[in-house]
Amino acid sequence: MWKYMLKRSLSMVITLWLIATLTFVIMHLIPGDPFATEARMLPEEVVQNMRERYHLDKPLIEQYVQYMNGLIHLDLGPSIQQKSQDVTTLIQSGFPASAVLGLQSLVIALTGGIALGVVAALFHNRLMDYAAMFFAILGISVPSFILAPLLIKYFAVKWELLPVASWDGWEYSVLPSVALAIGPLAIIARFVRTSMIEVFDQDYMSTAEAKGLSTFHIVFRHGIRNAILPVITFIGPLFANLITGTFVVEKIFAIPGIGKYFVESIFNRDYPVILGTSVFYSAVLILTLFVTDILYRFVDPRIKLANGGE
Amino acid sequence: MTNVLEVEDLHVSFRAYGGEIQAVRGVSFAVRPGETLAIVGESGCGKSVTARAILGMVKAPRGRVKKGSVRLQGRELSCLGKKELQQVRGAQIGMIFQDPMTSLNPTMKIGTQIAEVLIKHQKLAKKQAREKAIELLAAVGIPEPARRYEQYPHECSGGMRQRIVIAIALACDPELIIADEPTTALDVTIQAQILALLNDLQRTKGTSIIMITHDLGVVAEVADQMAVMYAGIIVEQGPVEEIFDNPQHPYTKGLLQSVPRLDQPSEERLIPIQGAPPDLFAPPAGCPFAARCDHAMEVCAQYMPKSTAFSAQHQAKCWLHDRRAHRVEELVSAGREQHV
Chain A
1 MWKYMLKRSL SMVITLWLIA TLTFVIMHLI PGDPFATEAR MLPEEVVQNM RERYHLDKPL
61 IEQYVQYMNG LIHLDLGPSI QQKSQDVTTL IQSGFPASAV LGLQSLVIAL TGGIALGVVA
121 ALFHNRLMDY AAMFFAILGI SVPSFILAPL LIKYFAVKWE LLPVASWDGW EYSVLPSVAL
181 AIGPLAIIAR FVRTSMIEVF DQDYMSTAEA KGLSTFHIVF RHGIRNAILP VITFIGPLFA
241 NLITGTFVVE KIFAIPGIGK YFVESIFNRD YPVILGTSVF YSAVLILTLF VTDILYRFVD
301 PRIKLANGGE
Chain B
1 MTNVLEVEDL HVSFRAYGGE IQAVRGVSFA VRPGETLAIV GESGCGKSVT ARAILGMVKA
61 PRGRVKKGSV RLQGRELSCL GKKELQQVRG AQIGMIFQDP MTSLNPTMKI GTQIAEVLIK
121 HQKLAKKQAR EKAIELLAAV GIPEPARRYE QYPHECSGGM RQRIVIAIAL ACDPELIIAD
181 EPTTALDVTI QAQILALLND LQRTKGTSII MITHDLGVVA EVADQMAVMY AGIIVEQGPV
241 EEIFDNPQHP YTKGLLQSVP RLDQPSEERL IPIQGAPPDL FAPPAGCPFA ARCDHAMEVC
301 AQYMPKSTAF SAQHQAKCWL HDRRAHRVEE LVSAGREQHV
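Which chain is which? The protein sequence lines are A and B, in order. Read in order, the letters of the first sequence are residues 1 to 310 in UniProt numbering. Read in order, the letters of the second sequence are residues 1 to 340 in UniProt numbering.
Simulated from the structure, these hints should not be mistaken for lab results. Using N, Cα and C, we set each Cβ at its ideal position, and we do this for glycine too. Please note: incorrect hints may appear among the correct ones.
What the hints assert, rightly or not - The calculated lysine to any residue pairs, modelled on SDA-like cross-linking and capped at a C-alpha distance of 25 Å, are:
#1 B:Lys109 / A:Asp293
#2 B:Lys59 / A:Pro78
#3 B:Lys83 / A:Met128
#4 B:Lys82 / A:Phe220
#5 B:Lys82 / A:Asp293
#6 B:Lys83 / A:Phe200
#7 B:Lys83 / A:Tyr154
#8 B:Lys126 / A:Met205
#9 B:Lys126 / A:Ile218
#10 B:Lys132 / A:Leu127
#11 B:Lys59 / A:Phe220
#12 B:Lys126 / A:Glu198
#13 B:Lys82 / A:His124
#14 B:Lys83 / A:His124
#15 B:Lys132 / B:Gln151
#16 B:Lys59 / A:Met133
#17 A:Lys304 / B:Gly158
#18 B:Lys132 / B:His214
#19 B:Lys83 / A:Phe220
#20 B:Lys109 / A:Phe220
#21 B:Lys123 / A:Trp159
#22 B:Lys59 / A:Glu198
#23 B:Lys66 / A:Asp201
#24 B:Lys82 / A:Val118
#25 B:Lys123 / A:Thr215
#26 B:Lys109 / A:His124
#27 B:Lys83 / A:Arg126
#28 A:Lys304 / B:Thr107
#29 B:Lys83 / A:Asp201
#30 B:Lys109 / B:Pro143
#31 B:Lys82 / A:His217
#32 B:Lys82 / A:Thr215
#33 B:Lys82 / A:Lys304
#34 B:Lys123 / A:Thr23
As the list claims (entries may be wrong) - Over the 12 Å line for every Cβ pair with chain A, so calculated as not near, a few chain B residues:
#35 Ala30
#36 Arg89
#37 Ala138
#38 Glu155
#39 Lys205
#40 Glu241
Build out the structure end to end from the sequences listed, making use of the hints.
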């Protein structure tokens, strides 16, 4: 187990380095640079000065070495667009809001998705199943930029149940969490339904039934654990996506998260922010995948980690 | 002596595309205390469905018990509610399934799978259930039961897993155990061990067993009574020795002839039964075996034969035994006359 962990950690570092390098190269391949707009209005010397300030005048390879050196010391460099802020501070100040939002919607998506999927599977090919799957299809196909304004219109404006457009407490996070959760919830529901129907057909479910156990016990003690594996596969990347913020939902609900940097940094050619957000997202994703792999082993005892030495 | 189980005129059907499959079409039998009844038949003859129907486990909404009565120690089961049935399953009737590789939950500890029956039916606390489960593991011949308790099914061999399944079925000392082809998925030496184990447990606990199988060797080894099923009906039933010595239904005869015997000269060829069983979407009005039967008469295809009794317990459904049918001896002599 420890040997596996060590090996995995090493490969995670290498993966992260490869991603940072690739992002660096691709980023510089995009035409334009951070001062494209300024260059048209300001004198040549001023632009030159600014480029020097951010070391953009140096050869690429030198910039790369410098960036990597900073990365090792967890210094992601200064943002070009956000004056006098460095990328590490940007992420530090925005991440908590994104993470809270992401975690809440993950919880909503998981509980709602599993419940909906189980109900659909229990009533396979009956009205409840069709209703649940209709809802799931709706959830998958309605994009969050339509769902979010609808939620605001009814829950915040018309019925005045929940506040929006600020980030001053828990009640402000409810609607955006829901808006963020519906899509993944629907996908999870479909996953759970499919694998649960499969599990219901297994012999061990008949054994459980022949033991005289209650339906609830059969479904939740015997069924869920076997049906959840495909969902765990999906949760890994989903978790990383949700907690690193989303552009649309954070924008609509005016949440001070980090979702916007992913998109805006590319428009602005804000090189350090592009790199910083990419590296940050990748790090979260790689870590989650690592955790899911370990989780598999706990859910299904038949799965042995490679070189687990057990 | 009251019967442990009485099944009367059981009908089970399944809805499918284009009609209804009549899997079980009027089956009646009884199981006496401490006795083993073997239900024999080829694949798809309705034996497993019969077993599931006894436990009220025919899969809804497609499958349905259409008619019939199942009485456990005189108590009617077919009209019980879900909760009451759950009290019967696992407590009064234990079930052993065919394939031990798939009939245990792969993500649950072996011990927990046994203990949960005890917790449910005997209301034991976790700790007592654990102790009792370890005892049960030992009773079905599993070495180091305390260590096995903590293991998962994939860490055990097939034979060991079937022993665990038996331990689960036995956990609450049921009056009846239904074993649905318990040895089919095991290799021959393990088969013998499992059958011996079942025999032993039956002798010590006095449990009745319904053994569902297509293996006449298993029947000869463990059963007291047997019922031969074909296309959803029981064509012949009675004490095992009587049927083996003196089969009355052509299908039973065919089955016995298609099995190799030790007392048979090895150069003698086995006689297979030609053809295939009828389609249960539209079962024939008459005897389902008529199309494959060497002795079929006109009446066989048109009317279902009545039961003929040959002794107190031995009976078969065949027109050949009808009063009005030509006796076999007559036919044989008539054939001789023609040939001369």
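Verification of the supplied hints:
Straight-line distance between C-alpha atoms of Lys109 (chain B) and Asp293 (chain A) comes to about 21 Å, which keeps the hinted pair within the 25 Å bound. Note on Lys59 (chain B) and Pro78 (chain A): the hinted pairing is violated, with a Cα-Cα distance of about 65 Å set against a maximum of 25 Å. A hinted pair counts as satisfied when its Cα atoms are at most 25 Å apart, and Lys83 (chain B) with Met128 (chain A) qualifies at roughly 23 Å. Only pairs whose Cα atoms come within 25 Å are accepted, and Lys82 (chain B) paired with Phe220 (chain A) is accepted, the gap being roughly 18 Å.
A distance of roughly 40 Å separates the Cα atoms of Lys82 (chain B) and Asp293 (chain A); the hinted pair therefore is violated under the 25 Å criterion. For the given pair, Lys83 (chain B) sits about 20 Å from Phe200 (chain A) by alpha-carbon distance, which is consistent with the 25 Å threshold. In summary, the hint linking Lys83 (chain B) to Tyr154 (chain A) is not supported, as the alpha carbons are separated by about 43 Å, beyond the 25 Å threshold. Proposed proximity of Lys126 (chain B) and Met205 (chain A) is supported: the alpha carbons are some 22 Å apart, at most 25 Å.
About 18 Å separates the Cα atoms of Lys126 (chain B) and Ile218 (chain A), which keeps this hinted pair within 25 Å; it holds. Of the supplied pair hints, the one linking Lys132 (chain B) and Leu127 (chain A) is violated, its CA atoms being roughly 44 Å apart against a limit of 25 Å. Among the hinted pairs, Lys59 (chain B) with Phe220 (chain A) is consistent with the structure: their alpha-carbon atoms are about 19 Å apart, no more than 25 Å. Taking the CA atoms of Lys126 (chain B) and Glu198 (chain A), the gap is about 31 Å. The hint is violated against a cut of 25 Å.
A threshold of 25 Å between alpha carbons decides the hint, and for Lys82 (chain B) with His124 (chain A) the separation of about 19 Å falls inside it, so the pair holds. For a cut-off of 25 Å, the pair hint linking Lys83 (chain B) to His124 (chain A) stands: about 22 Å separates their Cα positions. Simply put, Lys132 (chain B) and Gln151 (chain B) have alpha-carbon atoms about 17 Å apart, close enough for the 25 Å limit, and the pair holds. At most 25 Å may separate the alpha-carbon atoms for a hinted pair to count; Lys59 (chain B) and Met133 (chain A) meet this at roughly 23 Å.
Between Lys304 (chain A) and Gly158 (chain B) the alpha-carbon distance is near 20 Å, which keeps this suggested pair within the 25 Å criterion. Restraint check for Lys132 (chain B) and His214 (chain B): not satisfied, since their Cα atoms lie roughly 34 Å apart, outside the 25 Å limit. With a C-alpha separation of about 18 Å, the suggested pairing of Lys83 (chain B) with Phe220 (chain A) holds against the 25 Å cut-off. Among the hinted pairs, Lys109 (chain B) with Phe220 (chain A) is consistent with the structure: their alpha-carbon atoms are about 15 Å apart, no more than 25 Å.
Using a Cα cut-off of 25 Å, the hinted pair Lys123 (chain B) and Trp159 (chain A) is violated, with the two alpha carbons roughly 50 Å apart. Taking the CA atoms of Lys59 (chain B) and Glu198 (chain A), the gap is near 14 Å; set against the 25 Å cutoff, the hint holds. Taken as a hint, the Lys66 (chain B) and Asp201 (chain A) pair is honoured in the structure, with Cα atoms around 23 Å apart against an allowance of 25 Å. Straight-line distance between C-alpha atoms of Lys82 (chain B) and Val118 (chain A) comes to about 20 Å, which keeps the hinted pair within the 25 Å bound.
Note on Lys123 (chain B) and Thr215 (chain A): the hinted pairing holds, with a Cα-Cα distance of about 18 Å set against a maximum of 25 Å. A hinted pair counts as satisfied when its Cα atoms are at most 25 Å apart, and Lys109 (chain B) with His124 (chain A) does not qualify at roughly 29 Å. Between Lys83 (chain B) and Arg126 (chain A) the alpha-carbon distance is near 23 Å, which keeps this suggested pair within the 25 Å criterion. As the CA atoms of Lys304 (chain A) and Thr107 (chain B) are separated by approximately 13 Å, the hinted pair is consistent with the 25 Å bound.
Using a Cα cut-off of 25 Å, the hinted pair Lys83 (chain B) and Asp201 (chain A) holds, with the two alpha carbons roughly 22 Å apart. Between Lys109 (chain B) and Pro143 (chain B), the direct Cα distance comes to roughly 17 Å. Compliance with the 25 Å bound is thereby established for this hinted pair. The suggested pairing of Lys82 (chain B) with His217 (chain A) holds, with an alpha-carbon distance near 14 Å, which does not exceed 25 Å. As the CA atoms of Lys82 (chain B) and Thr215 (chain A) are separated by approximately 10 Å, the hinted pair is consistent with the 25 Å bound.
Taking the CA atoms of Lys82 (chain B) and Lys304 (chain A), the gap is about 39 Å. The hint is violated against a cut of 25 Å. Under the criterion of a C-alpha separation no larger than 25 Å, the hint pairing Lys123 (chain B) with Thr23 (chain A) is inconsistent with the structure, at around 62 Å. Non-interface status of Ala30 (chain B) relative to chain A is upheld: no Cβ of that chain comes within 12 Å, the nearest being about 22 Å off. With a least CB separation of 4 Å from chain A, Arg89 (chain B) falls inside the 12 Å interface cut-off, contrary to its annotation.
No beta-carbon of chain A is positioned within 12 Å of the beta-carbon of Ala138 (chain B); the least distance is around 20 Å. With a cut of 12 Å on Cβ distances, Glu155 (chain B) falls inside the contact zone with chain A, its closest approach being about 8 Å. The Cβ of Lys205 (chain B) sits about 18 Å from the closest Cβ of chain A, beyond the 12 Å cut-off, so the non-interface label holds. Every C-beta of chain A lies more than 12 Å from that of Glu241 (chain B), the closest at about 31 Å, which supports listing it as non-interface.
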